[in-house]
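So the sequences go chain by chain: A and B. Residue numbers for the first sequence follow the working numbering, beginning at 1 and rising by one. Residue numbers for the second sequence follow the working numbering, beginning at 119 and rising by one.
Source of the hints: derived by calculation from the structure; they are not laboratory data. Remember, predicted model here, so these are calculated numbers, not experimental data. One or more hints might be untrue.
To be verified - Examples of chain B residues toward chain A, derived with CB under 8 Å: (1) 146; (2) 150; (3) 164; (4) 218; (5) 219; (6) 223.
Virtual Cβ for every residue (Gly too), placed ideally from N, Cα, C.
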Amino acid sequence: DVKVTQSSRYLVKRTGEKVFLECVQDMDHENMFWYRQDPGLGLRLIYFSYDVKMKEKGDIPEGYSVSREKKERFSLILESASTNQTSMYLCATMLGTSEPLRGTGELFFGEGSRLTVL
Amino acid sequence: DAKTTQPPSMDCAEGRAANLPCNHSTISGNEYVYWYRQIHSQGPQYIIHGLKNNETNEMASLIITEDRKSSTLILPHATLRDTAVYYCIVGVTTLGRLYFGRGTQLTVWP
Numbered sequence: 001d002v003k004v005t006q007s008s009r010y011l012v013k014r015t016g017e018k019v020f021l022e023c024v025q026d027m028d029h030e031n032m033f034w035y036r037q038d039p040g041l042g043l044r045l046i047y048f049s050y051d052v053k054m055k056e057k058g059d060i061p062e063g064y065s066v067s068r069e070k071k072e073r074f075s076l077i078l079e080s081a082s083t084n085q086t087s088m089y090l091c092a093t094m095l096g097t098s099e100p101l102r103g104t105g106e107l108f109f110g111e112g113s114r115l116t117v118l
Numbered sequence: 119d120a121k122t123t124q125p126p127s128m129d130c131a132e133g134r135a136a137n138l139p140c141n142h143s144t145i146s147g148n149e150y151v152y153w154y155r156q157i158h159s160q161g162p163q164y165i166i167h168g169l170k171n172n173e174t175n176e177m178a179s180l181i182i183t184e185d186r187k188s189s190t191l192i193l194p195h196a197t198l199r200d201t202a203v204y205y206c207i208v209g210v211t212t213l214g215r216l217y218f219g220r221g222t223q224l225t226v227w228p
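With these hints in hand, go ahead and build the complete structure from the sequences.
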């Protein structure tokens, strides 16, 4: 079974702090994603990565950055946390395929990291 | 970007079939239909996907209409553990963009 592990289940941070959310997968999937989930808004894509050192903006990248130095690890960084970044953050992976789809469509999610910014 | 329309909630008796509808009238020829579900406090879980033909796996069946403008996810024998939010998504994975809307809250009662 694919295992997607997020480093912290619950975090509480203060406004202005730098926050790192780590995600590690053990199935050698090429694609990794960061979403946030808020009541009434569903899941929104923040950033994704098709390969090591590669990243692409999703729909709401403002205020976030990512790092993928190794294939199995995808980190989400909040440079200066703000209260409107209080949310559930979900990491996901997807097996890569050839063009044009680049992926199977089957996302494997971690259990989520609930971040509260005070 | 709301490409799908689902009822906000449905309920179903345990042991009966749960039929969850989804409208996607603006689907493009190369877009797939995906279904995921999310049990409370967990990450979403993939269920099934299809392009044109009906699909079946150990979890569910997916029926796509001939014009591809709508689909139905069928859980043949719902259990209490199937209580979850079910998301119908249309898209192409090329850009990694699978839009999760608000989904349908399915409640299975004993």
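Hold the hint about residue 164 (chain B) up to the distance rule: shortest CB distance to chain A must be less than 8 Å. holds, 5 Å
Does the nearest C-beta of chain A fall within a distance shorter than 8 Å of the C-beta of residue 150 (chain B)? holds, 6 Å
Hint residue 146 (chain B) vs chain A: min CB-CB distance below 8 Å? violated, 13 Å
When the nearest CB of chain A is found for residue 219 (chain B), is that gap smaller than 8 Å? Status holds, d = 5 Å.
Is the interface hint satisfied for residue 223 (chain B)? The criterion is a beta-carbon contact with chain A at less than 8 Å. violated, 13 Å
Hinted contact residue 218 (chain B) with chain A - closest CB pair below 8 Å: With a minimum Cβ separation of about 4 Å from chain A (threshold 8 Å), the hint on residue 218 (chain B) holds.
Of the numbered hints stated above, those contradicted by the structure are hints 1, 6, listed in ascending order.
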